[in-house]
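There are 2 protein chains.
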Amino acid sequence: MDYVREIGRKSKEASRSVQFLGQEEKNEGLKAVARELRQQMGYLLVENDKDVKNARAAGMKPALIDRLLLTSQRIQSMAEELEQIAMLEDPVGKMECVKVRPNGLQIGQRRVPLGVVGIIYESRPNVTADAFGLCFKTGNAAILRGGSDAINSNKAIVKVIRDGLAKEKLPSDAVLLLEDTDRAAVTEMMKMKEYIDVLIPRGGAGLIANVVENSTVPVIETGTGNCHIYVDESADIQMAVDIIENAKTQRLGVCNACESLVVHSRIADKAIPLIYERLHQKQVEVRGDERAVSIQDGIRTASEEDWGTEYLDTIISLKTVDSIEEAIDHINRHNTGHSEAIITRDYDNALKFHNEIDAAAVYVNASTRFTDGHEFGFGAEIGISTQKLHTRGPMGLEALTTVKYIIFGSGQTRP
Amino acid sequence: MDYVREIGRKSKEASRSVQFLGQEEKNEGLKAVARELRQQMGYLLVENDKDVKNARAAGMKPALIDRLLLTSQRIQSMAEELEQIAMLEDPVGKMECVKVRPNGLQIGQRRVPLGVVGIIYESRPNVTADAFGLCFKTGNAAILRGGSDAINSNKAIVKVIRDGLAKEKLPSDAVLLLEDTDRAAVTEMMKMKEYIDVLIPRGGAGLIANVVENSTVPVIETGTGNCHIYVDESADIQMAVDIIENAKTQRLGVCNACESLVVHSRIADKAIPLIYERLHQKQVEVRGDERAVSIQDGIRTASEEDWGTEYLDTIISLKTVDSIEEAIDHINRHNTGHSEAIITRDYDNALKFHNEIDAAAVYVNASTRFTDGHEFGFGAEIGISTQKLHTRGPMGLEALTTVKYIIFGSGQTRP
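Chains as they are written, first to last, in the UniProt record's numbering: chain D, 1 to 415; chain U, 1 to 415.
One chain only, chain D, in its complex shape (with noise of 0.2 angstroms):
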């Protein structure tokens, strides 16, 4: 594994000049980079032309295919979000809670790049651009690690962000491509502790799951979703049910989207059939518990494994409960940790949804499709942590960044 190895010393040493780049430095290496992806937009669509090739003779699904797929409309859009990070504030060097301790000694925290972030993901290969531009705006190096139904894909994106970034005199190396797409390579990137900072893993619940068993370096856990929307006793039933719609079929194979229904008992009799019908509508199966089957013809009986399933598919499971408690219960047992709601009129039970669930984002009256760092006004997203340790929910650039103290003495010793 010495190539992997390479690349891992290849990026610890950019990292070293990338971290001190000014703001205006790395918004131009951004721009610069835009342009050279709209400059080689006929490169770059002949490699995908390989990828997608090679996939429909694998005969991977359409769904699969279309996200595979880059369009002019494409590139333009990942040109587009580069500039767009250009236009963030950077964190980077901003000072904290400065103070001065009775002996004298100033202390300050200042923000500073994480060094080396690899990033490990499956197969859009628009997380390439975005992934580059969210490290490079915070003085990160990446390294990149994609799967293999996009290598083609990736290895083009990768070396035109490098001639952008070399026109403008910038270290191309700020990121680097793993191209050995064996699972032996992700192996050895994920012991390489000593070249890199933090792993972000972007991609299926398989995935995250090999990342956090096998890694050594420290990983940000992101983005399995098995959300909940809880319809209270006193909830709106309309508004439920308008909510519900929009958290379960807006995007179906989303994390945020809602894959689990809690219903109090005393309002399912009514809620059940109109929650029902909008959803038979859209095509979306319903599986319930015993309860909610007898309400209602056209639910299908729920096994124990549907409480923890995340579909991402027209399919939902549906839970009777008789009190709040239950709900809360049911929900922070079954819950991934990433966005809840609850439809309620009842302030009480607001603020018990709020303070006692268990989960990165908690919401009253919401569709859990907010849960993402445009809508909550991050200007940009790496991912959504579903951990507790350095961020949760939707990380912007500051998930990017760490801290370290900055100690101004004259000749000061511990008594």
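Worth flagging that the hints you see were computed from the coordinates, not collected in a lab. Heads up, some of the hints might be wrong.
No distinction is drawn between identical chains; accordingly, a pair holds when it is met within one copy or between any pair of copies.
[Claimed, not checked] The list that follows gives simulated cross-link-like pairs (lysine-lysine, DSS-like), each with its CA atoms no further than 25 angstroms apart:
#	residue 1	residue 2
1	K270	K50
2	K191	K50
3	K352	K10
4	K94	K352
5	K352	K12
6	K31	K352
7	K169	K155
For this one, chain D is given, so just place chain U on it according to the hints.
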């Protein structure tokens, strides 16, 4: 390992109520435990004596036996520490960055407990009370796993803490001791992701490496310190000598002690003899590079290995360099991300060192020994993080918390 998993399950259960205790309840609990420690002092001394006798019989070194020993004075200090923790500001519940989005969603970030904190430590029994106190103050349940040497002391301290909590009708499972001191029990603990939210290893390099290597629970790495002092060309030599004496000898076995010196060649002839003389008076052996050896009799030749060694003993390494760049390079290559200092009168070099050294705490003209929660004004400390994720440097109460987004909606759906 059913016993270990049962501890995990009970702790998770306890965390569900501990997280909601009010500030007053938690502070009363801490004070009650302090009273109980004083009242049951006799019992604690008897139990500790068993450990001390076993250690003596096993031929443990006097310095280590001293770390293990409890005295009435030390038990008093444990109680006072808990009373001090009770007086600190509670970070739990603070709302940060509340904002209203254009669609009317109000989004706030609330500071909340982590949940269950696991602490794996070695033979100092005072860590038992301290770790409980910091976790309880921040609304976390704690699972403690001390070393086998201190098992009788730790059992006794945990029993007394639980007695104190029970008297206040507070959940005594807020603290649980893993009494099985087998290696297999720790290994199981490191895999209990469903019960433990974060693991903090406190102890020697071997213990910490084992936890980082094998844990699937997120880890906060603490406390190995290969700390440097760089004596710049323009240094006030007298200040340098005083700070070096303090940083090396004020306390030998601690992570913020200085382990390695870097001296600019243009000041070496004047500075090294004075530094050597002072360290020699304190029985510190100096191991230097060829140039240092040629300047001062008594300096022994350092091996490559010396540059990376945390001695925790009366030994220090000394490297000469021809520029501040070479000094920074050497330090960034060999340090452990803990504390580094420059002694200088040169303004540009001071800022350059602050900027370019990659460590939790970077000092100009002060002793590395100040990297400590109390010295930084946090009032308490659970350890010193040498990693970049979540928290860096001395960890006070806030490091034992996380955030969650609290969203107030009025029916919003995502377009």
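Requested in this report: Pop the pair K352 and K12 into one bin, within, between, both or neither, using alpha-carbon distances up to 25 angstroms.
Outcome: between (47 angstroms within a copy, 19 angstroms between copies)
Report task. Classify it for me, K191 with K50: is the Cα-Cα distance of at most 25 angstroms met within a copy, between copies, both or neither? Result -> neither (32 angstroms within a copy, 42 angstroms between copies)
Query - Homomeric proximity label, K31 with K352: Cα distance no greater than 25 angstroms - result: neither (47 angstroms within a copy, 29 angstroms between copies)
Query raised in the report: Which holds for K270 with K50 at a C-alpha limit of 25 angstroms: within a copy, between copies, both or neither?
Result: Neither: 53 angstroms inside a chain and 67 angstroms across chains, both beyond 25 angstroms.
Query raised in the report: Should K169 paired with K155 be assigned to within, between, both, or neither, using CA atoms and 25 angstroms as the limit?
Result: within (21 angstroms within a copy, 63 angstroms between copies)
Report task. Can you give me the call for K94 and K352, within, between, both or neither, at a CA distance of at most 25 angstroms? Result -> Answer is between: at 17 angstroms across copies they meet the 25 angstroms cutoff, but 36 angstroms inside does not.
Query raised in the report: How would you label the pair K352, K10 (within, between, both, or neither) given a Cα cut-off of 25 angstroms?
Result: Answer is between; shortest inter-copy Cα gap is 23 angstroms, intra-copy 51 angstroms.
Checked against the numbered hints above, the structure breaks hints 1, 2, 6 and satisfies the rest.
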